[in-house]
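Okay, so the sequence shown: first residue is 2 according to this note's numbering, each after it adds one.
Among the clues, some could well be false.
[Unchecked claim] With a straight-line Cα cutoff of 20 Å, these simulated EDC-like cross-link-like pairs (lysine to aspartate or glutamate) come out:
hint, residue 1, residue 2
1, K16, E35
2, K29, D19
3, K60, E4
4, K12, E22
5, K9, D19
6, K61, E4
7, K60, D10
8, K23, E4
9, K23, E35
[Claimed, not checked] Per label pair, the in silico range of CB-to-CB distance:
hint, residue 1, residue 2, range
10, Q15, Y37, 21 to 31 Å
11, K60, Q15, 13 to 23 Å
12, K33, F13, 16 to 26 Å
13, R45, F13, 16 to 26 Å
For the record, the hints were derived by calculation from the structure and aren't laboratory data. Because the structure is a prediction, the values reported are computed rather than measured. Built from N, CA and C at the ideal position, the CB exists for glycine as well.
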Amino acid sequence: MPEINNFKDLKFWQKGMDIAEKCYFLTKLFPKEELYGMVSQIRRSTASIPANISLMLWKKVNG
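I would like the entire structure built from these sequences, with the hints used as guidance.
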């Protein structure tokens, strides 16, 4: 098993970043009137995936 030095080594963090990137790209195609509604919610929720993963690892390491 490979050694985990930081959260960027975790495969599911990397997948979360891929999802976030794709969602940011796709939401650029949404109508402008959705910018502060649906687009904002999608971007915030997908950005929270890798953020929560890194926070979980930090809490585990730092107790």
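Now the hints, each set against the structure:
no.: 1; hint: K16 with E35; in the structure: violated, 26 Å
no.: 2; hint: K29 with D19; in the structure: holds, 16 Å
no.: 3; hint: K60 with E4; in the structure: holds, 18 Å
no.: 4; hint: K12 with E22; in the structure: holds, 15 Å
no.: 5; hint: K9 with D19; in the structure: holds, 12 Å
no.: 6; hint: K61 with E4; in the structure: holds, 15 Å
no.: 7; hint: K60 with D10; in the structure: holds, 16 Å
no.: 8; hint: K23 with E4; in the structure: violated, 28 Å
no.: 9; hint: K23 with E35; in the structure: holds, 17 Å
no.: 10; hint: Q15 with Y37: 21 to 31 Å; in the structure: holds, 30 Å
no.: 11; hint: K60 with Q15: 13 to 23 Å; in the structure: holds, 20 Å
no.: 12; hint: K33 with F13: 16 to 26 Å; in the structure: violated, 33 Å
no.: 13; hint: R45 with F13: 16 to 26 Å; in the structure: holds, 19 Å
Hint compliance for this structure: hints 1, 8, 12 are broken, all remaining hints hold.
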